[in-house]
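Participant: Each chain, written out:
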Amino acid sequence: MLTTLLIAVPLAGALAVWVLPVSRESTSGLALLAILAELGLWLGSARNFDFGSDLQQYSASHTWFEELGISYAVGLYGFQYWLVGLTIVVGACAIGYGAWAGRDRARAYFGLQLFLVGSLVGVFAAQDLILFYVAFEAMLIPLYVLIGVWGGAGRAKATMTFVLYTMVGSLLMLAAIIAFGISQGTFLLAEIGTSTNEWVFLGFLAAFAVKAPLLPFHGWLRAAYTEAPPEVAALLSGVVSKAAVFGLVWIVLPHFPEPVEDFRELVLVLAAATLVYGLVLAFRQPDARGVLAYSSMGQMGLIVLGIFATNDLGLDGAILHSVSHGLVSAGLFLVAGMIEVRAGTGVFSELGGFAKGRPLLATIVMALGMFTLAVPGSANFAGEFAILAGVFAHGWGYAAVGAGAIVLAALYALRLISGLLHERRGTSVRDEPDDLAGNELALVVPLVATLAVLSAWPAVISERSFPADTPAEFIGAQSVPEVVP
Amino acid sequence: MIETPKVDWLALSPTLALLGLAAVTLLGAVIVPRSVQRLFSVGVSVGGFVTSAVLAGVVYERSPDGTPLIAESMTRDRLGALAAIVIALSGVAVVLASAGDRRRDHVGEYYALLAAAGAGMVFFVSASNLMTLFLALEWFSISLYVLCSLDTHRRESLESGLKYLIVGSFGSGILLFGCALVYGATGELGFTSIQQATGADDPLFVTGLALILAGLGFKVSAAPFHMWTPDVYQGAPTTVTAFMAAATKVAALVVTYRLLVTAFPEQSEIWTTAVAVLAVASLAIGNLAAIAQRDVKRMLAYSSVSHAGFLLIAVVANSQDGGAALLYYLVPYVAASVGAFAVVASRERELERPVSLAALEGLGWERPFLGVALWAFVLSMAGFPLTGGFFGKLFVFSAAYDAGYWWLVVAGVLATALSLAYYLTIIRALYMRQSQVTGTVIAAGGSPPRDLLLNGAVGAALAVTIGSFVLVQPLVDLARDASASLPF
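Order-wise, the sequence lines are chains A and B. All residue numbers for the first sequence refer to this note's numbering, where the first residue is 44 and numbers rise by one. All residue numbers for the second sequence refer to this note's numbering, where the first residue is 252 and numbers rise by one.
Please note that the accuracy of each hint is not assured.
Derived, one-sided and incomplete: chain B residues facing chain A with beta-carbon distance under 8 Å [what the hints assert, rightly or not]:
hint	residue
1	I425
2	V664
3	M683
Simulated DEER-style distance windows between Cβ atoms [unchecked claim]:
hint	chain 1	residue 1	chain 2	residue 2	range
4	A	G95	B	A543	58 to 66 Å
5	B	R600	A	V323	55 to 63 Å
6	A	D474	B	W616	34 to 42 Å
7	B	W616	A	L79	23 to 31 Å
Source of the hints: derived by calculation from the structure; they are not laboratory data. Remember, it's a predicted structure, so these values are computed and weren't measured experimentally. Ideal placement from N, C-alpha and C gives every residue a C-beta, glycine not left out.
Bound-form chain A, shown alone (with noise of 0.2 Å):
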């Protein structure tokens, strides 16, 4: 009942910002309030949430379309707890920029946001197949509008490229849902068993390879995350990527035990190809939202080599890491937006020098920085240290490419924060001391605050994510051998 009702408050928020004839700014309150409420649900949740239970949480079903064994099937297991925590806190941020930013528009933009936020519950919390499915293609209505009417000049193309690149990922694991839900009677995750053809497999790989993404899928990826409004990149690399996570851990390990030992290495060649090439090139970018995109989608490389390590550590880093790089990332993509305001561009060559007269904003770009390199002690940190112990036991060569591609992290990170803080004043950079806001504080001091957390206590997330602590049997993917020291 209460994960329904999780996805239900955003989607009935959306429509009442639609329907009811409220003025401009009441919209955005109506909006905020909202996604307030989804929140604290959420929070309040946490209480009687069993973590430790093998049992799904708030769980709720319905038969929905008895004649091909559809159902409308929700519940939580920790880590989709966590993930949903996340699409909710990056979610209101996401809101509270936008009304930060006085969107024209209004009633339309706040609905989508709130139609986005609740499709993208609905996709963490979804236990079965067509669900997930229905949920995963609705998330694209809002992204498609929201990216094509309210994003920059180059929006055209690139709602198509993000849109085509989707729908055919997409269309693929439609067609090998059918093929996979008809062949075993049923489309609900806890009775549909276990598969053994490469071609369903491919076809659910292809829409996550698609949506993280992988190394030869990402064509959409820079134009999307530069054209989008930054809220809604935000959304994108902090959340709107997680899908793709939670389709593999969820839907691949668990269902397709032996094509997934099948293909394990070449999914974790192309994980690690991405992870290099993603952040080689995120050093290389001339703009701040170019090193976001780039970097984000490396840091989905790293997630998805501790996802096909399938072991404790790969999976319980994957998680950690989701959750604190949809943080980071979100939080980066906000800050960026409000340089964009301020300068007008995004460009490094126009910019620098962000630092004068601006401690605070100097402070948060500082501190998301020292997230996204992973500085010792900090949450990304923990969780690239589980993804890289947990990728050792399928061959030191992994490891030692994750490990490289850190160094890498740190050079972009810190052409990043010298690109926009140091260096010489650029000649967009003006001279008065506009400074963080308190209503922009407001918007990223939370996500700064809960990755200072979750650093502090890694654990809340890595030991809560899976019951007993034993993932890789939870979600029966085959064990892997001992390392051989």
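Fit chain B to the supplied structure of chain A, relying on the hints for placement.
Facilitator: Relative to chain A, chain B alone:
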């Protein structure tokens, strides 16, 4: 004393209601003063179509088992009744959408012909004899020929009527020739009698089957028999196009399904292959050609060709599930078609010129309700989740997959991907471009009055489009019961 056959008036009542309606509106065209003629015709037509739908509902309720009537010339069963309900309800929506038409002449005639066409279709879907089948086909086709060319002051309308007349008559001729060959080979006209007759291995019989299939292909507008569709859909008055896209499709597909399954089950290997080829051709041609269109009615016409392809996949499945999938698919499809054409009609009235993609620009922001509705209709046609079109495609695909046609599923999925290319251009025009056209219109005559009846029709279509997604089970139960009327 000659023995007369017992007439089942209830089974005929949906048809008779519409025929009566046609007579009343035609009389009204002469008797009722011009000033209130529109009001009269619309009011009576809504009443007549609703009555027909209700009567068809009663027939559905009271006919759990199919019964042949009047020497097997028609069948009273749930398949026909459900199709009649859908046709009559789409008629209601079309009447509401037509109410705001600017047409000055032929007001009464328009509604009379609409009712006559509807009556023909409702009769058509219960036909179970090659002669009644042909009779009903001509009955509604001739009404439609006239309806297409009703706007006599527009060249395109006349052209559309003429083209439809010529190509349609050609199709009917082929169908009739096929019927003659089958009759020659078997000596039977009734569907079940044909199935039981000997002589089925006669080459004439198979040729007859092929010709019948081709003739029905014209009405379904399946490729390669679709070439009339874009021109006719574009030229005809938009509300007539809406009725053709929705009701004709329902009638033609239900009859194709009934005929193939009841009369030719022994030849299923032949016709499943043929229909599969038609389906793939329709998917390919419909979707590829639609991408190149700039006129919205033409684009939707090609989209309807591609939907014929999806619907034929359900026929190919040749199973109970296939029939249920076909009937379910038709519901959101009909709603989305009527709704989309109604929005186009409303825009046409506003701008007083044909609706190209450019003419849709900015519509989403200027007319939020129509914009959102058209958005939903287009998404439903594209088979996107949150609309009934999604479950329609899923059900059709699963029926085909169950029947072993995995390659048709692949073709359908590819076609769906392709179809997004043009469906998305509609959405892009609605929301992502600044309007370049409406400025002049407002200066010319101000914003047009709100057409409440058309908005009502669009709202109803929207409700069905979304509702058939949420409440898929009750609808599928109806479709399954209807599909069970045929032998498997």
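Participant: Work down the list of hints and note, for each, if the structure agrees.
Facilitator: Comparing the hints with the structure gives:
no., hint, in the structure
1, I425, "36 Å, violated"
2, V664, "5 Å, holds"
3, M683, "5 Å, holds"
4, A:G95 to B:A543: 58 to 66 Å, "59 Å, holds"
5, B:R600 to A:V323: 55 to 63 Å, "58 Å, holds"
6, A:D474 to B:W616: 34 to 42 Å, "39 Å, holds"
7, B:W616 to A:L79: 23 to 31 Å, "29 Å, holds"
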